[in-house]
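*Asks:* The primary structure of each chain is shown beneath.
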Amino acid sequence: MAQPLASTLVESQALYLDPEIRDWVLIPIMVVMVLVGVFRDQVTVLIGGGTGKKPGLKAIRESKALTRGVTLRNYGNHIQNNSFFVRKTFLSEAYKRGDYLKNPAAANHAVNPMTDPAGMEMMMEGMKKNFAMIIPQTIIMGWINFFFSGFVLIKLPFPLTLRFKSMLQRGVETPDMDVTWVSSLSWYFLNLFGLRSIFTLLLGEDNAADGMRDMAAMSQMGASPTGQPQDFHKLFLAESENLELTPHNWELDDIENRLLIKFGKRSPTVNNDDNDTIEMEDISSDFSDVKGKSKRKGINKKK
Amino acid sequence: MVSFDYKLAVTTLHELRKSGERKSDLVVSLGENLIQQGYTGKLGDEVWAVYEQIFIAALDLGNVLLADKCLDNLDKRFPESPRVKILKGMKLEAEDNLDAALAMYENILQDDDANVAAIKRRIAVYKAKGQDQQAIEALTRYLDAFYSDAESWLELSALYLSFHLYQQAGFCLEELILLQPQNHFYHLKYAEILYTSDNITVALKEFCRVVELCEDNVRALCGIKLCTSRLLNLPINAITSSSASTNSSFSLDMKTISDLNDLAIERLSIIYSKNQRGGNRANEIKNVISDWLKQS
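Same order as they appear, the protein sequences are chains Y and V.
Quick note on my numbering: the first sequence kicks off at 1 and runs consecutively.
Quick note on my numbering: the second sequence kicks off at 1 and runs consecutively.
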């Protein structure tokens, strides 16, 4: 029973779209979106692209200092024990004291972007960019809503689940229509998110036309108004803690054995078994003269 | 004369710029052709980068005329650019007018204290003037901010080595190993510094690491050989006492050392017996090596 019902449903939804819709709605929306993207890129260059103030040496130092701790944590095993511990203590102390901060005196109170001139400038910058991005998008959306609300523009050539209905048929409140039909407002959103590669093609890699970016900017606005600078002191404290928790196993502790095994001078399994039996049976130390000192050390620890 | 391939020249220059190779003679010959045959107009915005590249290469070769031509063009187009100012400074350096160049760089740094090129050029001027201590100081300050610049760490270690400050040079190499742990060259250099500063056990480990990362690395195998023969020739109590005093886990048992010694000898003799090219010279080298290997 289900089969014929489904087929009738599909048949009944074989809408015939006026080709005029394609010529006067579908393509114009896309063209307008592309043009607005290009226009926006130009505007961003005009109002703020060229005069972006570069961060000073101290600011760069502050932002790069964290990577030093991260590198040490990730690759610390490649250097000797004492070299590692010297670095670890130095870095974690320096992080705690706030040596790497742009302004060490301000370590203890939260940074207020209003008092910091650089922060002020950054806010201004963000505002300008946001305006250049949001205003045209709002206008286009209003335009589509006003003229083409309720238009069905295309039918996707593949089936989709019901979940996509809210995404593809925004502005068309028909519960029974097949999901593959796309409404005008949804076509706008598809363009907004999907034109990135076309912009890259038209304007090069580093363009400001992309619609995804103002989405990201908008979601950021909720969290912190116009990109509040990060509180590096907190980050440093966290990194210092991470560093202190990092253990150290020197990669080269066992290198001679590894090398000898690699060239087939020593068989790996026998050696390991040897090691284990010694530690388990705890053979007296005069036997271990023949064996490695490292093994002796292990035994001593056990005692 | 072979007809000049414009497209090939442009792509070659582009690739050289990207890879940072300093084939100045090639760049100058290509660049001269580009400029003389009037191709520069075709390049669009790329032309400025090409001018810069040709300028630096021309300075390398002492081709002042070509360099001037490039610099004039750049100066006309970007009169206030710090990047062009740096090029002017480099020209002053090439003319051995180091103080003027230094003033030029200082001037740039006053406006923008994070101008990497200017910082680096200033260090180069210090070096050229023979003020190595100032160069070291400037480099450490630079590395404090731009921590991840591997080439600068290498430069700093070279400067320290010129003062025989092995511990400091070793520190730089450790940083390099942290930055690029898989680069066997850094391990090798580190091992050699350790060996020179008489830290034989750790040096041996580092040499082993090099061989692990880069099989049949002759320099590292020779290093292993040197370390093991030193360790094998030491009196027994010297080893135990030294490792006890440093209280480290670097201690090695004699069997491992002699095994490593044998391994190094074996690999080295294989490598040198394989290398048949060079006729007499190769044989000579082979004899020298086998004599050396037999010695200990």
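To be clear, the hints were calculated from the coordinates, so they are not data collected in a lab.
A quick note: this is a predicted structure, and the numbers were derived from the prediction, not measured.
Beta carbons: idealized from backbone N, C-alpha and C, even for Gly.
Take the hints with a grain of salt, since some may be wrong.
Some chain V residues judged to face chain Y by a derived CB distance under 10 Å, without partners named [stated by the list, open to error]:
{"#": "1", "residue": "I108"}
{"#": "2", "residue": "F146"}
{"#": "3", "residue": "Y147"}
{"#": "4", "residue": "E151"}
{"#": "5", "residue": "L179"}
{"#": "6", "residue": "Y190"}
{"#": "7", "residue": "I200"}
{"#": "8", "residue": "C214"}
{"#": "9", "residue": "E215"}
{"#": "10", "residue": "L263"}
{"#": "11", "residue": "E266"}
{"#": "12", "residue": "L268"}
{"#": "13", "residue": "S290"}
{"#": "14", "residue": "W292"}
For each label pair, taking beta carbons as the anchor points, the in silico distance ranges come out as [said to hold, decoys possible]:
{"#": "15", "chain 1": "V", "residue 1": "E21", "chain 2": "Y", "residue 2": "F39", "range": "24 to 30 Å"}
{"#": "16", "chain 1": "Y", "residue 1": "L160", "chain 2": "V", "residue 2": "D45", "range": "43 to 49 Å"}
{"#": "17", "chain 1": "V", "residue 1": "D198", "chain 2": "Y", "residue 2": "A238", "range": "52 to 58 Å"}
{"#": "18", "chain 1": "Y", "residue 1": "V34", "chain 2": "V", "residue 2": "E21", "range": "56 to 62 Å"}
{"#": "19", "chain 1": "V", "residue 1": "S273", "chain 2": "Y", "residue 2": "K262", "range": "26 to 32 Å"}
{"#": "20", "chain 1": "V", "residue 1": "E80", "chain 2": "Y", "residue 2": "L46", "range": "16 to 22 Å"}
{"#": "21", "chain 1": "Y", "residue 1": "P247", "chain 2": "V", "residue 2": "G44", "range": "41 to 47 Å"}
{"#": "22", "chain 1": "V", "residue 1": "D198", "chain 2": "Y", "residue 2": "K265", "range": "24 to 30 Å"}
{"#": "23", "chain 1": "Y", "residue 1": "P247", "chain 2": "V", "residue 2": "E15", "range": "19 to 25 Å"}
*Asks:* When the structure is checked against the list of hints, which entries are broken? Sort them ascending.
*Replies:* 1, 4, 7, 8, 12, 13, 14, 15, 17, 18, 19, 21 and 23
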